[in-house]
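Place chain B on chain A using the hints.
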Amino acid sequence: MTGTTKVRRVGNAKPPTRASKLLQNRWAGIAGLLIALLAPFVNASGYALSVMTSAAIFVMLAAGLNIVVGYCGLLDLGYVAFFAVGAYTSGVLSTRLDLPLLVTVPAVIVVTVIAGIIIGAPTLRLRSDYLAIVTLGFGEIIRITANNLDVTGGPSGIYGIPHLTDSPVVFYYVTVVVVSLAVLGAARLGRSRLGRAWRFVREDEDAAEAMGVHTYRVKLAAYIAGAVWGGLAGVLFAAQLSAISPTSFTFLQSALVLMAVVLGGMGSIPGVVIGAVVISILPEILRDLADYRFFIFGVLLIAVMILRPQGLWPARSKEVS
Amino acid sequence: MSLLSVEDLRLSFGGLLAIDGLTFSVGEAEIVSVIGPNGAGKTSAFNCVTGFYRPTSGRITLRGKDLPGLRPSAIAGLGVARTFQNLRLFGELSVLDNVRAGSHLWLKQSVFDALLHTPRYRRSERECTEQAHHWLDFVGLSGDRYSEARNLPYGEQRLTEIARALARRPDLLLLDEPAAGLNHGEKAEMLDLIRRIQALGVAIVLIEHDMGLVMEVSERVVVLNFGKEIADGRPEDVRRNPAVIEAYLGSDAHA
Chain A
1 MTGTTKVRRV
11 GNAKPPTRAS
21 KLLQNRWAGI
31 AGLLIALLAP
41 FVNASGYALS
51 VMTSAAIFVM
61 LAAGLNIVVG
71 YCGLLDLGYV
81 AFFAVGAYTS
91 GVLSTRLDLP
101 LLVTVPAVIV
111 VTVIAGIIIG
121 APTLRLRSDY
131 LAIVTLGFGE
141 IIRITANNLD
151 VTGGPSGIYG
161 IPHLTDSPVV
171 FYYVTVVVVS
181 LAVLGAARLG
191 RSRLGRAWRF
201 VREDEDAAEA
211 MGVHTYRVKL
221 AAYIAGAVWG
231 GLAGVLFAAQ
241 LSAISPTSFT
251 FLQSALVLMA
261 VVLGGMGSIP
271 GVVIGAVVIS
281 ILPEILRDLA
291 DYRFFIFGVL
301 LIAVMILRPQ
311 GLWPARSKEV
321 S
Chain B
1 MSLLSVEDLR
11 LSFGGLLAID
21 GLTFSVGEAE
31 IVSVIGPNGA
41 GKTSAFNCVT
51 GFYRPTSGRI
61 TLRGKDLPGL
71 RPSAIAGLGV
81 ARTFQNLRLF
91 GELSVLDNVR
101 AGSHLWLKQS
111 VFDALLHTPR
121 YRRSERECTE
131 QAHHWLDFVG
141 LSGDRYSEAR
151 NLPYGEQRLT
161 EIARALARRP
171 DLLLLDEPAA
181 GLNHGEKAEM
191 LDLIRRIQAL
201 GVAIVLIEHD
211 MGLVMEVSER
221 VVVLNFGKEI
231 ADGRPEDVRR
241 NPAVIEAYLG
251 SDAHA
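As given, the protein sequences belong to chains A and B, one line each in that order.
According to full-length UniProt numbering, the first sequence is numbered sequentially starting from 1.
According to full-length UniProt numbering, the second sequence is numbered sequentially starting from 1.
Bound conformation, chain B alone:
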């Protein structure tokens, strides 16, 4: 059984059909990319999976459990983590506190533990901090972890957001344009990072415009254009698909 399954997903805002019949599935520890021109409905699809939008019709299931109608926090509770296209860090909090957010769901600590500073409180706080450092080490963040997240260079903010998502210890990670705005060297590191995340047993759905990265890392590629799914297959097949070439380059282009 696949981990995530999306069947005939449709989403409309008033008269505008943002997603018009999207079907794909993601297996355990698989990397699937969703590509398509700007406005094709990629991020909208992410928002449907994570519960920020309620799909107009269609089914989304995680290990057989229906997701639409659940709060985003409940979906996160089922093991889904995400990053955002335009970075949504907690800007005024420290880098470390940002990553501590990932521990929220599995940290066992009651209000009374916090008020009385019980051993359980101290233990869980220590563990939460250690975990945050662990995931910052994992993504390779070298900067100051006690400074405000908004003061980091752009590339490090991207890494912090991924560390925060990983600290959730998800089974499924949705990355929305992780390489956008990164330089050549940083992109290479991102590619390596995505592979190392997969090696942890985490399935990844990737929205990305950098075709080099997509073709290199994905096991399957889903292509959207104007809300419609025009291809789903292995990267080398999708690359040669005439409909995909037309969507990207216009109808006169040759492969």
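Next up, chain A with everything else stripped away, as it sits in the complex:
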């Protein structure tokens, strides 16, 4: 029995070693950023730039969905809804009101926050499978609405969205900077009081509630953050293509983003970045295989899931700040 005069017994309460920290987020992030910045020096063809820009936008989507699915454990099958809301908001405002794309960004943030609340407030009272089904429904509702409204151009969508810049190389670098900030922001949120609360909810909602975490509010915050990330990715998407239509926002897109998060490692920022790059670039690399490429793509994904079920770069429990 221990006495009342308790001595500090710290045990092996050592933080992870330097070497393992080296592998952790900061250095991985700098390495990833360098690769992204240097890539155009290897190949700056129009095709390569467009693939890399799309990959970067996809990384931003995955970083946003990772907040919802990875951190907070809310299975969202309709994430592309927010991507669509962002793309359409900036598309409509820039073409109808002749606004520069940059000016639409505050409006996009406001609209996606509202969309996050409208979709999240009723659905987040549900748990697990029910939540997945309802988000799936909302994803389709947004797409079908865009398909039928006049203001969104119906099935043919919106054309002539102004580019942010005329040079694809400059746009690529703008995208890389924006996406890097988004990834950094998501990582920092994940290491904050709110980010810990998300993980507590993911692990055990009742225990989190008992520790004073207002679980409903915290889940809504995750949903809104995910919505804003997705919406801003939508602005980049609209700027890149200058034309958007409902066919870009199908369930397949939601499924692919989710796949990037799961493949990379839920809750792990380096993981989801790698996952998103793999998911967006692999089909392009396999292009030579023509009709077989989606078959090979599928086989590769299954192989990864079997060999590394926890993801390519799983989150560590040692989330030390």
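Mixed in with the good hints there might be a few duds.
Taking lysine to any residue pairs in the SDA-like style, the calculated list, with each CA pair at most 25 Å apart, reads [said to hold, decoys possible]: (1) B/65 with A/217; (2) B/108 with A/168; (3) B/108 with A/221; (4) B/108 with A/216; (5) B/65 with B/115; (6) B/65 with A/95; (7) B/108 with A/93; (8) B/65 with B/245; (9) B/108 with A/187; (10) B/108 with A/113; (11) B/108 with A/299; (12) B/108 with A/217; (13) B/108 with A/220; (14) B/108 with A/306; (15) B/228 with B/17; (16) B/228 with B/27; (17) B/108 with A/293; (18) B/228 with B/245; (19) B/108 with A/191; (20) B/65 with A/206; (21) B/65 with A/216; (22) B/65 with A/215; (23) B/108 with A/259; (24) B/108 with A/166; (25) B/108 with A/188.
Some residues of chain B that are not near chain A, with every Cβ distance over 10 Å (derived) [to be verified]: (26) 1; (27) 15; (28) 23; (29) 32; (30) 52; (31) 63; (32) 71; (33) 93; (34) 100; (35) 105; (36) 164; (37) 168; (38) 211; (39) 216; (40) 241.
If you are wondering where the hints come from, they were derived from the structure by calculation, not from laboratory data.
Bear in mind that the values here come from a model prediction, so they are computed numbers and not experimental data.
Virtual Cβ for every residue (Gly too), placed ideally from N, Cα, C.
Relative to the frame of chain A, chain B by itself:
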């Protein structure tokens, strides 16, 4: 005025009366045990106090403030912390992160602090980590604090859960069978720990089956049987109460 007061608490699930008129109170820094056979309604009473169940009737007040109808998180905000009968740790998070959960309510940090890593963010994170270590030291956890909580031995998981509750800095701590599954030595340490928690000025309500521990540590004991309160008094009185002996040993037993 007592810290926690429960008056004529009733709880029914459909036709089943889980709690049928429970009345007790807990003073500041007092240790009260709630005992009774399995299924007597002890944990249900805990769930009513902490807001996980809404009582069918009766009053529960903390320093005069009504608790029923509040969210569990709001009740935690008033200074109530609890542990769970079958351990509810955040299994995939580190031991340290589990205890950091206790800091959630008093950590001052906005989303913008987190995004910009302001000095306030750094200060609050440092403080939160120091506090977590402090409470792990307090409960005497010697294992690896950076490993996943689910990988700890059972006894250390119990201690981690208590450290997490203490990091909330509660005025009232509800412990649901803290000594269940512990060996003899660990039980002795738990007894010591409960006393040291009380010495911090924290009131404790204890559900426990280990009568040695209950009689040793409690100032008052409340006995439940089939949802009904059959005794409330000092441990030595409750021990001799015929109704209690009957509930525990059957009607033919002699004291």
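Hints and how they fare:
1. Among the hinted pairs, residue 65 of chain B with residue 217 of chain A is consistent with the structure: their alpha-carbon atoms are about 23 Å apart, no more than 25 Å.
2. Of the pairs offered as hints, the one joining residue 108 of chain B and residue 168 of chain A is violated, with about 44 Å between alpha carbons and a cut-off of 25 Å exceeded.
3. Pair hint residue 108 of chain B plus residue 221 of chain A holds up; C-alpha atoms about 17 Å apart against a cutoff of 25 Å.
4. Restraint check: the Cα-Cα separation between residue 108 of chain B and residue 216 of chain A comes to about 20 Å, which is no more than 25 Å; the hinted pair holds.
5. Of the pairs offered as hints, the one joining residue 65 of chain B and residue 115 of chain B is violated, with about 37 Å between alpha carbons and a cut-off of 25 Å exceeded.
6. Under the criterion of a C-alpha separation no larger than 25 Å, the hint pairing residue 65 of chain B with residue 95 of chain A is inconsistent with the structure, at around 57 Å.
7. A distance of roughly 38 Å separates the Cα atoms of residue 108 of chain B and residue 93 of chain A; the hinted pair therefore is violated under the 25 Å criterion.
8. A hinted pair counts as satisfied when its Cα atoms are at most 25 Å apart, and residue 65 of chain B with residue 245 of chain B does not qualify at roughly 36 Å.
9. A distance of roughly 19 Å separates the Cα atoms of residue 108 of chain B and residue 187 of chain A; the hinted pair therefore holds under the 25 Å criterion.
10. For the given pair, residue 108 of chain B sits about 24 Å from residue 113 of chain A by alpha-carbon distance, which is consistent with the 25 Å threshold.
11. Using a Cα cut-off of 25 Å, the hinted pair residue 108 of chain B and residue 299 of chain A is violated, with the two alpha carbons roughly 48 Å apart.
12. Restraint check: the Cα-Cα separation between residue 108 of chain B and residue 217 of chain A comes to about 17 Å, which is no more than 25 Å; the hinted pair holds.
13. With a CA separation close to 20 Å, the supplied pair residue 108 of chain B and residue 220 of chain A stays within the 25 Å bound.
14. Using a Cα cut-off of 25 Å, the hinted pair residue 108 of chain B and residue 306 of chain A is violated, with the two alpha carbons roughly 43 Å apart.
15. With a CA separation close to 9 Å, the supplied pair residue 228 of chain B and residue 17 of chain B stays within the 25 Å bound.
16. Taken as a hint, the residue 228 of chain B and residue 27 of chain B pair is honoured in the structure, with Cα atoms around 22 Å apart against an allowance of 25 Å.
17. Note on residue 108 of chain B and residue 293 of chain A: the hinted pairing is violated, with a Cα-Cα distance of about 51 Å set against a maximum of 25 Å.
18. A hinted pair counts as satisfied when its Cα atoms are at most 25 Å apart, and residue 228 of chain B with residue 245 of chain B qualifies at roughly 15 Å.
19. Distance check on the hinted pair: residue 108 of chain B and residue 191 of chain A sit about 15 Å apart at the alpha-carbon level, within 25 Å; holds.
20. Under the criterion of a C-alpha separation no larger than 25 Å, the hint pairing residue 65 of chain B with residue 206 of chain A is consistent with the structure, at around 23 Å.
21. Annotation: proposed proximity of residue 65 of chain B to residue 216 of chain A holds, straight-line Cα distance about 23 Å (limit 25 Å).
22. Pair hint residue 65 of chain B plus residue 215 of chain A holds up; C-alpha atoms about 23 Å apart against a cutoff of 25 Å.
23. As the CA atoms of residue 108 of chain B and residue 259 of chain A are separated by approximately 36 Å, the hinted pair breaks the 25 Å bound.
24. For the hint pairing residue 108 of chain B with residue 166 of chain A, the CA-to-CA distance comes to about 45 Å; that exceeds 25 Å, so the pair is violated.
25. Between residue 108 of chain B and residue 188 of chain A, the direct Cα distance comes to roughly 16 Å. Compliance with the 25 Å bound is thereby established for this hinted pair.
26. The Cβ of residue 1 of chain B lies farther than 10 Å from every Cβ of chain A, with a closest approach of about 24 Å, so its non-interface assignment holds.
27. Its beta-carbon lying about 25 Å from the closest one in chain A, residue 15 of chain B satisfies the requirement of being farther than 10 Å from that chain.
28. With a cut of 10 Å on Cβ distances, residue 23 of chain B stays outside the contact zone with chain A, its closest approach being about 24 Å.
29. Separation of residue 32 of chain B from chain A is adequate, the least Cβ-Cβ distance of about 19 Å exceeding the 10 Å criterion.
30. For residue 52 of chain B, the requirement that its beta carbon stay farther than 10 Å from each beta carbon of chain A is not met, with the minimum near 7 Å.
31. For residue 63 of chain B, the condition that its CB be more than 10 Å from all CB atoms of chain A holds, with the nearest at approximately 17 Å.
32. Separation of residue 71 of chain B from chain A is inadequate, the least Cβ-Cβ distance of about 7 Å not exceeding the 10 Å criterion.
33. Interface exclusion of residue 93 of chain B from chain A breaks down, the closest Cβ pair being 6 Å apart, not more than 10 Å.
34. Here residue 100 of chain B does not stay apart from chain A, with its beta-carbon only about 6 Å from theirs, under the 10 Å limit.
35. Listed as outside the interface, residue 105 of chain B is inconsistent with that label: its C-beta sits roughly 4 Å from the nearest C-beta of chain A, within the 10 Å cut-off.
36. Separation of residue 164 of chain B from chain A is inadequate, the least Cβ-Cβ distance of about 7 Å not exceeding the 10 Å criterion.
37. Against the 10 Å criterion, residue 168 of chain B falls within the reach of chain A, whose nearest CB is about 6 Å from its own CB.
38. The Cβ of residue 211 of chain B sits about 19 Å from the closest Cβ of chain A, beyond the 10 Å cut-off, so the non-interface label holds.
39. For residue 216 of chain B, the shortest C-beta to C-beta distance to chain A comes to about 12 Å, beyond the 10 Å cut-off, and the non-interface label holds.
40. No beta-carbon of chain A is positioned within 10 Å of the beta-carbon of residue 241 of chain B; the least distance is around 30 Å.
Of the numbered hints given earlier, the model fails hints 2, 5, 6, 7, 8, 11, 14, 17, 23, 24, 30, 32, 33, 34, 35, 36, 37; all others are met.
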